[in-house]
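If you read the protein sequences in the order shown, they are chains U, E, C, F, H and P. Positions -7 to 212 (the working numbering) are the ones given, in order, by the first sequence. Positions -7 to 212 (the working numbering) are the ones given, in order, by the second sequence. Positions -7 to 212 (the working numbering) are the ones given, in order, by the third sequence. Positions -7 to 212 (the working numbering) are the ones given, in order, by the fourth sequence. Positions -7 to 212 (the working numbering) are the ones given, in order, by the fifth sequence. Positions -7 to 212 (the working numbering) are the ones given, in order, by the sixth sequence.
No lab work stands behind these hints, which were simulated from the structure alone. Heads up, a few of these hints could be off.
Put simply, identical chains are the same to the list, so a pair is met inside one copy or across any two.
As the list claims (entries may be wrong) - In silico DMTMM-like pairs for lysine to aspartate or glutamate, Cα to Cα no more than 25 Å straight-line:
{"hint": "1", "residue 1": "K198", "residue 2": "D51"}
{"hint": "2", "residue 1": "K204", "residue 2": "D185"}
{"hint": "3", "residue 1": "K204", "residue 2": "E187"}
{"hint": "4", "residue 1": "K210", "residue 2": "E136"}
{"hint": "5", "residue 1": "K59", "residue 2": "D156"}
{"hint": "6", "residue 1": "K174", "residue 2": "D208"}
{"hint": "7", "residue 1": "K210", "residue 2": "D185"}
{"hint": "8", "residue 1": "K59", "residue 2": "E190"}
{"hint": "9", "residue 1": "K95", "residue 2": "E139"}
{"hint": "10", "residue 1": "K174", "residue 2": "D185"}
{"hint": "11", "residue 1": "K157", "residue 2": "E47"}
In this text, all values refer to a predicted model and were calculated from it rather than measured experimentally.
Number of protein chains: 6
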Amino acid sequence: MSQKLTVLLVIFSLHSLVALASDPDPVQDFCIPNPTYGAIRTASFTILPCKNSSEATTDDFIYSGMKIPGKFSETGLATIPVNPTNFPGLNTLGMSFVRADLKTGAINPPHFHPRATEITYIVQGSVYSGFVDSNNRVYARVLEKGEAMVFPRGLVHFQMNVGDKAATVFGSFNSQNPGNQKIPTAIFGSGIDEELLEKAFGLSSKQIGTMKRRFDPKKV
Amino acid sequence: MSQKLTVLLVIFSLHSLVALASDPDPVQDFCIPNPTYGAIRTASFTILPCKNSSEATTDDFIYSGMKIPGKFSETGLATIPVNPTNFPGLNTLGMSFVRADLKTGAINPPHFHPRATEITYIVQGSVYSGFVDSNNRVYARVLEKGEAMVFPRGLVHFQMNVGDKAATVFGSFNSQNPGNQKIPTAIFGSGIDEELLEKAFGLSSKQIGTMKRRFDPKKV
Amino acid sequence: MSQKLTVLLVIFSLHSLVALASDPDPVQDFCIPNPTYGAIRTASFTILPCKNSSEATTDDFIYSGMKIPGKFSETGLATIPVNPTNFPGLNTLGMSFVRADLKTGAINPPHFHPRATEITYIVQGSVYSGFVDSNNRVYARVLEKGEAMVFPRGLVHFQMNVGDKAATVFGSFNSQNPGNQKIPTAIFGSGIDEELLEKAFGLSSKQIGTMKRRFDPKKV
Amino acid sequence: MSQKLTVLLVIFSLHSLVALASDPDPVQDFCIPNPTYGAIRTASFTILPCKNSSEATTDDFIYSGMKIPGKFSETGLATIPVNPTNFPGLNTLGMSFVRADLKTGAINPPHFHPRATEITYIVQGSVYSGFVDSNNRVYARVLEKGEAMVFPRGLVHFQMNVGDKAATVFGSFNSQNPGNQKIPTAIFGSGIDEELLEKAFGLSSKQIGTMKRRFDPKKV
Amino acid sequence: MSQKLTVLLVIFSLHSLVALASDPDPVQDFCIPNPTYGAIRTASFTILPCKNSSEATTDDFIYSGMKIPGKFSETGLATIPVNPTNFPGLNTLGMSFVRADLKTGAINPPHFHPRATEITYIVQGSVYSGFVDSNNRVYARVLEKGEAMVFPRGLVHFQMNVGDKAATVFGSFNSQNPGNQKIPTAIFGSGIDEELLEKAFGLSSKQIGTMKRRFDPKKV
Amino acid sequence: MSQKLTVLLVIFSLHSLVALASDPDPVQDFCIPNPTYGAIRTASFTILPCKNSSEATTDDFIYSGMKIPGKFSETGLATIPVNPTNFPGLNTLGMSFVRADLKTGAINPPHFHPRATEITYIVQGSVYSGFVDSNNRVYARVLEKGEAMVFPRGLVHFQMNVGDKAATVFGSFNSQNPGNQKIPTAIFGSGIDEELLEKAFGLSSKQIGTMKRRFDPKKV
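Next up, chain U with everything else stripped away, as it sits in the complex (with noise of 0.2 Å):
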């Protein structure tokens, strides 16, 4: 067997690490993960080897990121989600958060977290914010700086700049990775067959198809 076989065994074992974890009670205080795996980290690989915990520095446990709003996307939402891959110290330790910048008027689609509860709390701006329950009932309204509400486990929510001014929001996750299902995206843009899409939201054949268009990864 070649070196270089062993060498991607290794790392296909690296990354499975990181997908067997789960985020119940950790068995140790923490589990940095090591810088020294940067270089052979890639586009489609998520390698989280730890650190010994002596070698863990301060620096580890703090995130500096997000100072300042990320790239806005072309609709004025800009998000810096943070996870062990970009603030290690929060690895194995069930909880990562996110920081969401909204221009004026701009929107946060209606999507949901799969694996966690989530707690916004506005840092500026006049955010309309809301989730929708298994019931379909809705429970929105406009949010001011200081206020927080809560996006229970698993449920559609969504937000809006009602303000006159940039908005700033700040959320935290009970889940190391939360995931995230963007609906229109997810619905859309995804590949469901274009007959039970049709059926599903009463709408044309041609009407699916524009929205398939719009939604198409390759352009969005």
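Got chain U; can you put chains E, C, F, H and P on it based on the hints?
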């Protein structure tokens, strides 16, 4: 304090018992809801106090109500969800299940279960089945009798009977109350702000209005 | 250190990945074991490293191997246990399942699953089914096609086909590896000290000897 | 509704409180069952409502009832199981324990705990101890004073005093209610169908009858 | 039995409801404590029965009470802990949070949360922040506005405003009731035996006496 | 890439295996760390890959290393912590234990375990034992031989031998790695900023200096 209030307090007490329970490991063999309380149960309460274990009967652990399909909707879908409210023995054991029947061409629209993974087993028929992952990739194909598919926890999935006869599916969940959020109704029938929906889906105010009427909970 | 040892280290590493995984909430959508590693898998290893999620395919989430019964034992029982070793998509999702077929009069002897509750659904036939609780009470009766029974986590249960044709049962579990301890073999075929068994069951040395020969693993 | 029924409702409410609790992380420091309710406790109820934390006392967290052996059975085994029903402080904390004493030659017959791993520590004596794994392999040998053995969750295990004086064992569990299923009684004393038992153990109808009389719960 | 006792029973019943709940996965969308019960709540009870889900309101999921700092202590620290007792929507969802304000030079003394990891986000100011791991290594430095630090579950941590203006910190926890054990008060103000404290800290009887008076709970 | 780096990758891979494991329900009977890897283990690594289950031996599940007290410290305390690093069979099973011996007058200073509840059983001697709850109330008294006390998860506790002979305590935990934070060393020996400590404890700079020298890790 009146007796009536006392009883109400008790009712709420019982109610919240269920609300606070969680799906992890039980601390007893089982916990059969007590049928005595049927009388004080109302449409809006889910009251599940437990029997003394010595009063449990064999039939508490057997469900006989899905030998034939449930009541079909106008669109040709019939589901019989089975959980502790209709099958007492499931209470606290972390599982529930469902029988779904689809007439030819009928669909089970895109939906997800916030609190469970689902395994579906095709009892009869040909069913196009699939789910969408967090990266908006769809995993779907037609399943035949005897095949099974897994829908990972919290991810959007869907089904359509593509055969020329009725189809029957048996689904099981690893939560006693998996929850169910149906995308078309949750998004367009729940009362989310219209401007936000227009921006999220790129639809006109008129189109959104049509969708909202289509999924109006008073009509659906 | 030789390359061979390196590879062995990797194998053990992969092996223990599975061993250390737990059934609670996953921290990713799914984790498909990588088929590349089939070559280094041996009879004694259960190696389940994961694919990069972008390489997962629809078939990873579908199981097609139980359309017909498994291989029948001499006593008329055929089981097809389905878990991550033969259905990759189940890995880390906390569920597994089984198809069991029993010829007329055949039994599934008293056994229990240390790590899961089981829901059994009678696909066809008449099956005497039951379990025993911690107070030594039995809950059992004949189930007909379309009925379901729940066996609470860790309690002894059993089945016998009492109909006049073959029976088929579909069972699902809330663990990806529920385990299975068959009482007759575990007690009499495992090598427990004979004096202890004589005292535990009130049997003579000769009777225990007969039982031990009957359930000798070299013969069974 | 009468006051009597109201009180009964409350009793059932309290009863089910315990039934729905689970072993995972507590959400408070502790939860001491309230002694006030001793009066309404009956043989068939396990009622464990909690004290206000400010009323907890030091003695709620200390157990003094196992300084001497419990009552010996005819076969020479005495056990004192300690859990929230006799040691209030354990409630909700996910642990319980047991003192077992065995006269010379006495056994603790094959049994298992559906909901806990057990660690046994030999306080005095020589005790043959062991368990059987899912592959029917037995792990057993004589333990001496000061040695400890672990019995993994849900696996059949057993003990026999092979020394020439009394033995004392201290066992601890990672569940506040581990459960206990004793194989001989669960199998032969619970009322499982005789034909199934004959087939399962290869015994004659007469032999099964003898076993059933031996482990008849009315006599045991 | 008198009505009064009946009511007391109910109150204890409700009380213990909360006590037995655990932080893992909820089995319903949410569980809003019912405001009706405010009247029977007393200083010593934490009664959180749930509303029928159809009676939940948007404001149940929004917290508006931390737009300005809480009441400052003599030492310059003001905290607003937010959990299900003041923010109903958090109940059963496994999260809670806190706003802390520190005047120039003020400290948040060494403390730990027995049941949660904490993420702190600096809303404004310069705050020396840190924690100690199980090997007695400290991880600490000054955080500026916009930075975040994670304090792993159960480890001692602390903060001090080292800037020249007030500081504001937003902390979130992955438990609805993380608990808080403040070291100086827990050790010196709780009544631990003096001889033990002298030996533990190497202090004289007089020095321990001084410490005990300083942290006497009647004065603090 | 060199072979050496490959091996290092493997080592880190194995290391992180443990780091990512969690205490909840195992998904196999057991997972015995493989002794083969002893050679590559170093002071700073905790490498616990698993044996193939067929290679597990009886002795993997038995611990014989605490028949006599451990090595006493200068202050008269000897502890033998037993966990997967010295008792392989515990791995993944969610429990560990400790033997502690205290000479007359010796103490086990105030400390807590971030990840476990502890049950202590007095094997011999008279031991003043107690813990402090979140409200700074102490629960403590002298325990005699045969008594047991529970220390709830994450709360500060302590012990002192107040008898006239040596005392022996057997403690068990519901985590395979409970962690241990000793208050005097964690606070004064870890390097927390002196000004913060002065303010937290009301001590002078000189007094803090004395404490820091006393608990300097280079000396302790």
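Quick rundown of the hints versus the structure:
1. In this homomeric assembly, K198 and D51 never come within 25 Å of each other (Cα to Cα): the closest approach is 54 Å inside a single copy and 30 Å across copies.
2. In this assembly of identical chains, the alpha carbons of K204 and D185 lie at most 25 Å apart whether taken from the same copy (11 Å) or from different copies (23 Å).
3. For the homomeric pair K204 and E187, the shortest alpha-carbon distances inside one copy (13 Å) and between copies (21 Å) are both at most 25 Å.
4. Taking identical chains as interchangeable, the C-alpha atoms of K210 and E136 are never at most 25 Å apart, the minima being 36 Å within one chain and 32 Å between chains.
5. In this homomeric assembly, K59 and D156 come within 25 Å of each other (Cα to Cα) both inside a single copy, at 22 Å, and across copies, at 20 Å.
6. Proximity of K174 to D208 under the C-alpha cut-off of 25 Å is found in both arrangements, the shortest distances being 13 Å within a copy and 22 Å between copies.
7. Taking CA atoms no more than 25 Å apart as the test, K210 paired with D185 passes inside one copy only; the shortest distance there is 18 Å, against 29 Å between copies.
8. Neither within a single protomer nor between protomers do K59 and E190 lie at most 25 Å apart by alpha-carbon distance, with minima of 44 Å and 31 Å respectively.
9. With identical chains, the CA atoms of K95 and E139 are at most 25 Å apart both within one copy (19 Å) and between copies (22 Å).
10. Both within a single protomer and between protomers do K174 and D185 lie at most 25 Å apart by alpha-carbon distance, with minima of 18 Å and 17 Å respectively.
11. In this assembly of identical chains, the alpha carbons of K157 and E47 never lie at most 25 Å apart, being 44 Å within a copy and 34 Å across copies at closest.
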